[in-house]
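Listed below, chain by chain, are the residues.
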Amino acid sequence: MPQSCVLRSTSLGELEWDAESELWFPQGLPGFERLSRIVPIEIPARRPLVYLHSATDASICFMALPLHSIAPGLQVELLPDDYRALDLDPAIEPVAGEDILCLALLGPTECGVIQTNLSSPVVINLHNHRAHQLTPETGPDYWRLDDSGTWEAVCS
Amino acid sequence: MFVIRRRVGERIVIAGNIELEVLEISKTRIKLGICAPAAVTVTRGEALPVAAENRAASAWVSTHMDHQPAQLAALLENLRRESVQAPVCEADQ
Numbered sequence: 001m002p003q004s005c006v007l008r009s010t011s012l013g014e015l016e017w018d019a020e021s022e023l024w025f026p027q028g029l030p031g032f033e034r035l036s037r038i039v040p041i042e043i044p045a046r047r048p049l050v051y052l053h054s055a056t057d058a059s060i061c062f063m064a065l066p067l068h069s070i071a072p073g074l075q076v077e078l079l080p081d082d083y084r085a086l087d088l089d090p091a092i093e094p095v096a097g098e099d100i101l102c103l104a105l106l107g108p109t110e111c112g113v114i115q116t117n118l119s120s121p122v123v124i125n126l127h128n129h130r131a132h133q134l135t136p137e138t139g140p141d142y143w144r145l146d147d148s149g150t151w152e153a154v155c156s
Numbered sequence: 001m002f003v004i005r006r007r008v009g010e011r012i013v014i015a016g017n018i019e020l021e022v023l024e025i026s027k028t029r030i031k032l033g034i035c036a037p038a039a040v041t042v043t044r045g046e047a048l049p050v051a052a053e054n055r056a057a058s059a060w061v062s063t064h065m066d067h068q069p070a071q072l073a074a075l076l077e078n079l080r081r082e083s084v085q086a087p088v089c090e091a092d093q
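Chains as they are written, first to last, in our numbering: chain D, 1 to 156; chain U, 1 to 93.
Hints listed in this document are in silico derivations from the structure and should not be mistaken for laboratory results. Here the structure is a predicted model, which means the values were calculated and not measured. Treat the hints with care, as some may be off.
Claimed, not checked - Partial list, computed: chain U residues near chain D (C-beta under 10 Å):
# : residue
1 : G9
2 : A47
3 : S58
4 : A73
To be verified - Pulled from the structure, derived: some chain D residues nowhere near chain U, Cβ distances all over 12 Å:
# : residue
5 : Q3
6 : Y83
7 : V95
8 : G97
Where a beta carbon is used, it is the ideal one built from N, C-alpha and C, also for glycine.
Go ahead and model the full structure; you've got the sequences and the hints to work with.
Below, the structure is given as structure tokens:
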């Protein structure tokens, strides 16, 4: 029987989930290196938004969107270290939606506009729930949301 | 900057309790092994801006749960409209 977990979130209220549904970040996330257990939460009225909530800290939560909903067709490039973190076979290219799910984290710019960095998505191995945030050497690829709800690439 | 030359298998010790060992050298990369106390955070340099983004993103979520930003509401409405329209386009073909 799956183990049930409960947490009173400061942002989402009372949360209850099965331990089996948790994502496991073996390296944590940049800025949250000790955060290894995260619960993905969907609120039906806000789909396809996904909340990534810490399973242990009531105050840590991220908002994310599937990468393909922002930039359809965008391919993520996984490096050997990424394959290792996700426990993927480097000889087999993972298929988005079947083997992996890529989520772009949403955050604010200094002027309050919603922004995402498409070169640093959270990648989830759908077979074992291991997850890892990419930090490529190529630098950020920022996209911002305009008032009409459309994403625009930020020219650097 | 302190510059030091090392070969594979050789180590550098920082502050007496952080050890870096050169594990492998290839044409364009070196592989380092790092042993550090649990309290010391070790990250790639390129992860530092992402760390700042993540901290800002987490703080931002907790302040925007009660009132969803207008741009986000517009985006979700657009995505909903697209997902509803998709099967209609298929049927037209």
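Now for the hints, and whether the structure bears them out:
Here the hint on U:G9 is broken, as its CB sits about 21 Å from the closest CB of chain D, past 10 Å. A distance limit of 10 Å between C-beta atoms decides the matter here; for U:A47 the minimum to chain D is near 4 Å, and the interface restraint holds. About 5 Å separates the beta-carbon of U:S58 from the nearest beta-carbon of chain D, less than 10 Å, and the hint is met. Interface restraint check for U:A73: the shortest CB-CB distance to chain D comes to about 7 Å, inside 10 Å, so the restraint holds.
The non-interface label for D:Q3 is consistent with chain U: the shortest C-beta to C-beta separation is roughly 26 Å, beyond 12 Å. The Cβ of D:Y83 lies farther than 12 Å from every Cβ of chain U, with a closest approach of about 15 Å, so its non-interface assignment holds. Distance check on D:V95: its Cβ is at least 21 Å (rounded) from any Cβ of chain U, clearing the 12 Å threshold; non-interface status holds. Every beta carbon of chain U lies more than 12 Å from that of D:G97, the smallest distance being close to 15 Å; the non-interface claim holds.
Checked against the numbered hints above, the structure violates only hint 1.
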